[in-house]
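Throw the hints in and build the complete structure from the sequences for me.
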Amino acid sequence: MGLRRLLTICWIICHYRLDTLIPAERLPLRARLLLRCGPWRLFPKGQHSRGERLRLALEQLGPIFIKFGQILSTRRDLLADDVAMELAKLQDQVPPFPSDQAVAVIETALGKPIDELFIAFDRQPLASASIAQVHTATLDNNIDVVVKVVRPGIEHTINADLKLLQTIAVLIARYIPDGRRLRPAEVVDDYRHTILDELDLQREGANTSQLRRNFKDSDILYVPEVYWDYTRRNVLVMERIHGIPVTDLATLREQGTDMKKLAERGVEIFFTQVFRDSFFHADMHPGNIFIAHNRPNSPQYIAIDCAIIGSLSDFDQYYLARNLLAIFQRNYREVAELHVECGWVPPETRVHEFEAAIRTVSEPIFEKPLSEISFGLLLLQLFQTARRFDMEVQPSLVLLQKTLLNIEGLGRQLYPQLDLWSTAMPFLERWVRDRYSPQSVLKKVSHRLPGWLEQLPNLPEALLERSSTAKQPANGNGNSPPPHSELSAQLRQQSARARNQRIAIMAALAAALLADPGIRLGLQSLPNISIGLFSIALYFFIRSR
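Its first residue numbered 1, the sequence shown is counted upward by one per residue in UniProt numbering.
Quick caveat, the hints were computed from the structure, so don't treat them as lab data. Even for Gly, the Cβ is constructed at its ideal location relative to N, Cα and C. Careful, some of the hints might be misleading.
Stated by the list, open to error - Ranges between beta-carbon positions, derived for each pair: (1) 455 - 242: 23 to 31 Å; (2) 337 - 293: 44 to 52 Å; (3) 242 - 337: 21 to 29 Å; (4) 98 - 337: 45 to 53 Å; (5) 293 - 449: 46 to 54 Å; (6) 443 - 337: 26 to 34 Å.
Said to hold, decoys possible - Mimicking EDC-like on lysine to aspartate or glutamate, the simulated pairs with C-alpha atoms at most 16 Å apart in a straight line are: (7) 261 - 219; (8) 216 - 316; (9) 89 - 52; (10) 89 - 59; (11) 163 - 190.
What follows is the structure, given as structure tokens:
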């Protein structure tokens, strides 16, 4: 099986002349001769571009490679634009597997005959993809549902193809001049995690439930309900939705949909997921988006297929929001400083050079009317510029970039005059203002206060231990440290000073909170504790100077 598959891949490489994707002039002489004398030279190039030939090859290799090409198309930081745009056209249309196999999987997973599980089950698939296919059914309480079933044996196929992809990645990294920068092993590893996660339908169900909870009673987004009694790792049963495909513009216009509001709500949903919830649907292609019927003046989106979810840390959220606002304001110096400050580019980066590079990319774009500027493509060019300064793009930011491109493209399709800037900028300004307002900070501190109170009894012991440790000789034998350890001693001293400052800040903050009558929680001795903590804070603050 492995040998036959390898021969098939070799034939497809030759047939589509994928050797021409390799820059032969930059190869070592021996590799260049091998490339020029290989059997692929017997095949004509044809009229297709290099991106088209790669896409057609992946389509012929089958669903696993198609899915890999789809994910690879999101790595605009690694690929040439023409190749990435061509790979984005990959369609995951796969012939369905026999319905008898689907029924067998469902019955085995749920432990009952299909007729006992559902009062109706349509054996004709509603949709079919590389990982799973979907059937419609009706529960015994007359609720219409869809049943998603993982393809039998797909995990074995995936593991076999992943091994081949890993081998190809090693060869690319070793023999292609630009191979190390493309990080092929990392791309394959990302793909492994993504596709194995998609095999777990319970994970998808959990993502769907979380997204539904985040937008409970929302007027702008509806997420179907998951029926957990009927859900397993390879079977997912959820509410069947009835909506208008977001690409069916004729039907949307026919019912009088406010297309401007629809496009703006799509942007609002995206930024709400990213910044309010830090939990965003990262596979928002048109096939996963529908529009509710009979709500033309207040259009509501319906989202399905939550297998791929993105999330940002508080750290990335904050720096991303500040970066976006700085870009909106054309403050290129701040953009460059923020990239250095948050560690997205190396600390030794020359900020003025980075600023000049960002300005060179951005200024020609900003000369256009705002409604004609693609924010997603601007971010893409900024990432590509930052790559010249050794920026390591985080997977979460890549998912974010991909999703933003999808959302903006969809919004412009719905309403070509969409001004994403005017929709997004007030949202970001409000988010930064609310997130770091005194009320928000106090709320976070109050949330952590019980944990701090739990640690208070251990604080004196920790402080005494810290004090006794500081008095011990640095090398443990009573002698002065050798000259070569002077730097280490300085680092330890700086670390101790920083710890003292943190203890002082924490103790002073706890003292201030405990002194507030609104949060004394009924404890009688808290004023005395507050005075004691304030004294400790003052002592360690003086020691840290």
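Hint check:
Hint check: residue 455 to residue 242, Cβ distance near 53 Å, so the stated range 23 to 31 Å is violated. Under the hint 44 to 52 Å, the C-beta atoms of residue 337 and residue 293, about 49 Å apart, fit the expected range. Separation of residue 242 from residue 337 is about 50 Å and departs from the stated range, judged on CB atoms against 21 to 29 Å. Between residue 98 and residue 337 the C-beta distance comes to about 59 Å, which lies outside the given range of 45 to 53 Å.
Look at residue 293 against residue 449: about 48 Å separates their beta carbons, and that is inside 46 to 54 Å. Under the hint 26 to 34 Å, the C-beta atoms of residue 443 and residue 337, about 29 Å apart, fit the expected range. Taken as a hint, the residue 261 and residue 219 pair is honoured in the structure, with Cα atoms around 12 Å apart against an allowance of 16 Å. Restraint check: the Cα-Cα separation between residue 216 and residue 316 comes to about 26 Å, which exceeds 16 Å; the hinted pair is violated.
For the given pair, residue 89 sits about 9 Å from residue 52 by alpha-carbon distance, which is consistent with the 16 Å threshold. The hinted pair formed by residue 89 and residue 59 meets the criterion: a straight-line CA distance of about 11 Å does not exceed 16 Å. Simply put, residue 163 and residue 190 have alpha-carbon atoms about 14 Å apart, close enough for the 16 Å limit, and the pair holds.
Checked against the numbered hints listed earlier, the structure breaks hints 1, 3, 4 and 8; every other hint is satisfied.
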